[in-house]
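Novice: With the hints as extra help, turn the sequences into a complete structure.
Respectively, the protein sequence lines represent chains A and B.
Numbers 1 to 249, taken from the numbering used here, label the letters of the first sequence in order.
Numbers 250 to 576, taken from the numbering used here, label the letters of the second sequence in order.
Fair warning: there could be bad hints in the mix.
[To be verified] From the structure, some residues in chain B lie toward chain A, with a derived Cβ separation under 10 angstroms:
#1 444
#2 448
#3 449
#4 465
#5 467
The hints are simulated quantities; they were obtained by calculation from the structure and are not laboratory data.
The C-beta atom is built at its ideal place from N, Cα and C for all residues, glycine as well.
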Amino acid sequence: MTEPILETRGLTKSFGALVAGDDISIDLRKGEIHAIIGPNGAGKSTLIQMICGGLKPDAGQVRLMGRDVTGDSTASRARAGLGRTFQISALAMENSVLQNAMLGAMGALDHPWRFWRPVLARSDLRDRAEACLDRAGLLELRSRRVADLSHGERRQLELAVALTLQPRAFVMDEPMAGLGAGGSARMTEVLDALRAEAPILLVEHDMDAVFALADRISVLVYGRVIATGSVGEIRANAAVREAYLGEDA
Amino acid sequence: MISERMLNLTVIGGLLAVALAALVLDQPFTITLATRVAILSLAAVGLNIALGLGGLVSFGHAAFFGIGGYAMGILAYHAQTYTPLDLGLFTVAGTKSMPVIWLVAMVLSALAALLIGLLALRTSGVYFIMITLAFAQMFYYFTLSWSAYGGEDGLSIYIRNGFPGLNTLVPIQFFGICFVILCAALYLFHRLEHAPFGLALGSARQAPMRVETVGLSPMRLRLVAFVLSGAITGLAGALFADLNRFVSPTMFSWHMSGELIVLIILGGVARLIGPVIGAVLFVVLEHYLGGMTEFWKIWLGVILLLIVLFARGGVAGLLSPRKVGHD
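Specialist: Structure representation (structure tokens):
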């Protein structure tokens, strides 16, 4: 078997008496969508933050393409190829759609220590940004201010900015959250095609989307992975049904 | 409602026109007021890089203003007394040359901004405000007891420093120097704002998490902005000392830091021309209201209150609301 693109080994984190992450070992392989599901408070956000660099685990490792990145900053993990999208959009609200995407392109292709030429005149950054906006279906809105975008359009922009990084692995925190049925279906299509480029670790509450997309699902409850398997296996798993899907086993 | 470009040209052109009109009408004091506007504007343009573009509410920019002032004062003092300046390892002669003084003022304030920034930028919000204030106050109390350079009495420089080819004692010529430097700083601000650095810095203000997840460090962006900001305010300090031919610890006082923030809020935070509009208002009120009543700052306070309550974009925002987006 080939080396996983992204891997956690025994990640553990507690906040006082609350164990938010308990020996979490999951991996993300080339070409797949690996969904993480779990009830509220299961530790999904904690896991994402440990993977992306916002939180330092008490124990365990995060490995990106075989390299231990546990001690690295968020920025250096991003440069190493981790592309993250946020549950609550983290975008520069006063800036335009294009400027937000170009920030991503700048992070991927260049450095910010350029003080003179206008950034919008940088055709290399602009081309990358516009291509990604196009894929996310936002090219028409490129000069719109982000504050004026709808919730769904912001989700699309989250995705577009992550695309500009051309990451080796995506970590997506509830990309479907707040999208209507139509938006959710479109996002599902985009993610479906995206896995061929880079695998996706998908934290998502929308079960229809998860079951439609995931190659594998891991179920997180009280900070522990109680099961990992294919969609069929997880649906059939008695412990999962009891703990999470809310059905009597 | 006028375009931003029109507003910028009107304000800058207006300042120049006032000085030239005063020259024709033989009103040297008005030229001095215009020079004061130009220098305070320059100091606030510096602060606007940190505060406006970077969102760093520095309540300690008087530190850089004062360092610029004392750089001028100390170098000129040694030149006028023909005493060498002992730097410990070696001694240097003082100087009355403006370009040299400006360079020293900018390098020293940039260094101070680097050190203050390295510590202060680890915090944010009210802690950042307090730490920057504390640093400026340290300089204030240090110079207050620095008897070698006048302590609390300050330091008088009898003849204004020189600039090659100009007679700086002629008010309009000194105004010209300050005006050209102000225009250069405004142009720099404009370039910075639209350059890749400005985009990254503005994004770090609005969405620091985003900046990190595209692989950039908000802390480094802010530090560079703070250093640039400090250097420009330091240059303004050197010019301010030369305008008054006097430096004293008041240049370091927290009132000075507060005034610079007030100028920017009056004129329009993060707006190119905001600091200049703020400085014009401030100097006009200070001069005319100050002539009528000792308590003119009450009226300044009322105006500030009205702007904060009803016109967040400052005067620039009222006259020319910011259009967003681009072509």
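Novice: Indicate, hint by hint, whether the structure satisfies it.
Specialist: So, going through the hints one by one against the coordinates:
1. 444: Because about 5 angstroms separates residue 444/B from the closest Cβ in chain A, which is inside the 10 angstroms limit, the hint holds.
2. 448: holds, 5 angstroms
3. 449: holds, 4 angstroms
4. 465: holds, 5 angstroms
5. 467: Holds. Min distance 9 angstroms.
No hint from the list above goes unmet by this structure.
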